[in-house]
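**Student:** Chain A is already provided as a structure; the job is to place chain B with the ligand on it using the hints.
From first to last, the protein sequence lines stand for chains A and B.
Read in order, the letters of the first sequence correspond to residues 1 to 162 in full-length UniProt numbering.
Read in order, the letters of the second sequence correspond to residues 1 to 383 in full-length UniProt numbering.
Treat the hints as calculated values from the structure; they're not laboratory data.
Ideal Cβ positions, reconstructed from N, Cα and C, are used throughout, including at glycine.
Take every hint as true, because none was put in to throw you off.
Now the in silico label distances, taken between C-beta atoms and shown as ranges:
| id | chain 1 | residue 1 | chain 2 | residue 2 | range |
| --- | --- | --- | --- | --- | --- |
| 1 | A | V46 | B | E25 | 41 to 47 Å |
| 2 | B | E182 | A | E43 | 40 to 46 Å |
| 3 | A | F89 | B | R56 | 49 to 55 Å |
Simulated crosslink set (SDA-like; lysine to any residue; CA at most 20 Å straight-line):
| id | chain 1 | residue 1 | chain 2 | residue 2 |
| --- | --- | --- | --- | --- |
| 4 | A | K47 | A | E144 |
| 5 | B | K370 | A | G27 |
| 6 | B | K370 | A | A9 |
Here are some of the chain B residues that sit facing chain A, going by a computed Cβ distance under 10 Å:
| id | residue |
| --- | --- |
| 7 | R18 |
| 8 | E22 |
| 9 | T239 |
| 10 | R295 |
| 11 | V345 |
| 12 | L366 |
The residues making up each chain are set out below.
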Amino acid sequence: MSDREEILALLRENARYSTEDLARQTGLDAEAVESVLADLESEGVVKGYQAVVDWGEVEPQPVRAAVELNVTLDRETGYADIAERLAKFPEVQGLRLVSGDYDFAMEVEGDSMSEVSRFISEKVAPVPEITQTVTHYIMESYKERGVEFGDGHDDDRLSVSP
Amino acid sequence: MTFEPTDRVASVPPSGIRKFFELAEEYDDIISLGVGEPDFAPPWAARDAAIASLERGQTSYTANRGMAELRDRIAVDARERYGLNYDPDEEVLVTSGASEAVDLAFRAFLDEGDSVAIAQPCYVSYVPSARFAGADVVDVPTRAEDEFKLTREVLEASGAADAEALVMCYPNNPTGATMTREELRPVAEFAREHDLLVFSDEIYAELSYEHDHASIATLPGMRERTIVFNGFSKAYAMTGLRLGYALAPPEATAAMNRIHQYTMLSAPTTAQYAAVEALNSCDDEVQEMRAQYDRRRNFVLSRFEEMGIDCFPAAGAFYAFPECPWNDSDEFAEALLEEQRVAVVPGDVFGAGGEGHLRVSYATSLGDLKEALNRIETFIEQH
Ligand SMILES: Cc1ncc(COP(=O)(O)O)c(C=O)c1O
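Pulled out of the complex, with its shape left as it was, chain A reads as follows (with noise of 0.2 Å):
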């Protein structure tokens, strides 16, 4: 592994871990991490750091929702386009172009479920090339981004063992 995918590896493992832990993790000095993180911000590879939450587990918890959306393309609207305008408002915090029974994947979060139905009735069904919206509001997340939640990393192994 190149120094640069070990250090992605490790920042997406934990983005907190500091310069001085991730130099220590992989034998570089705390300059070279320095550069090398300088370099993936610079050309938009590390395009952010976030914490992975248990909604879960605070008060108040956003209501989210996986809404698929249909599209139909004109000669002057593409995909990009499209997107480029759903990107836009705040409510939305993912949005992906998938294959199969729709065009676009959406992560819609808001303080209330009629507020979310709000955003989605009047301000993305209006787009006028979208053609069906089907909302999936989440019930309970139990993995996300890789992250498992729940109780399961008891660690049940002897304290001391051969």
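**Tutor:** Frame of chain A, contents of chain B with the ligand only:
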């Protein structure tokens, strides 16, 4: 009539590990760096194969030597990874953990009163197993200044020349030492000159970070005098499934199987199904676990360096073996546990040459490692 243990049993003291385990059990808020097993779960495909075999009711005894399919896969794997060529029908014996293979080898080839040279510090079971077999143990203490590698000098000084067999383990528990092919040459030469059998425990072979694992059995004239032990506990994180194996010439596996077929009959069947799948399809997971251990190893070694504690660069297994800042490693480990709630194992538990060191396992999450090493630093500063 009373239950009076035999002299063999009575001659073996309770394990030093056990004492530390009991001490550690008194606290429920400790971070343990005392664990000799992976903190990962076995690859999912292997677990799934075990479950599927249970669902199909495949729980009968297998052939004494192990399922043919598994022996085939083990032979292919040993050839491809380590250049070890063994016939799956006659030279592979599947056992209940590498531990059973060690026990079988000792009982099959050591007579009452024979002596066996054991390179130390080492895994805690070799010396007791040798005693249970009635053999006398010759300590071969490897040295920190040799990075705990086995050298000709150490072998000569210890009187290993007169022993029946030499027991060695690289990558090593507890030191994390490894040996390259070149470094193994003089050891092989010594074994040939003095006509020693070699019992080589290579269970950490896949956890070798600085160079490819080299098996002493691949050196000239060694295959015919060596028994290689390996298993699924470490690389595949399958400790509780209890599956290991021995590779050796036909007459050796036949003698070991003579005991095995009466005592164990066959290794756990469910585990054998898991192991076939592990060898067939779990390479990526093994690589990923290894990559994680390697990063933790770098982390731990660099933290000890920052603390000014001498720790030779452990290159295998998942242990660091730093010098203990106090004279008495037992006392240090006890006080560290009491005051900072960090469990490490004192080096003397692992036999000759271990005193003055600590075994620090990095088979634990980086978060815990980080916290534990901070506490060790605080502890040292306070004393
Ligand atoms: C060097 C060594 N050999 C053998 C074993 C035991 O292996 P198994 O679980 O296959 O019996 C261990 C476990 O700690 C070990 O460290």
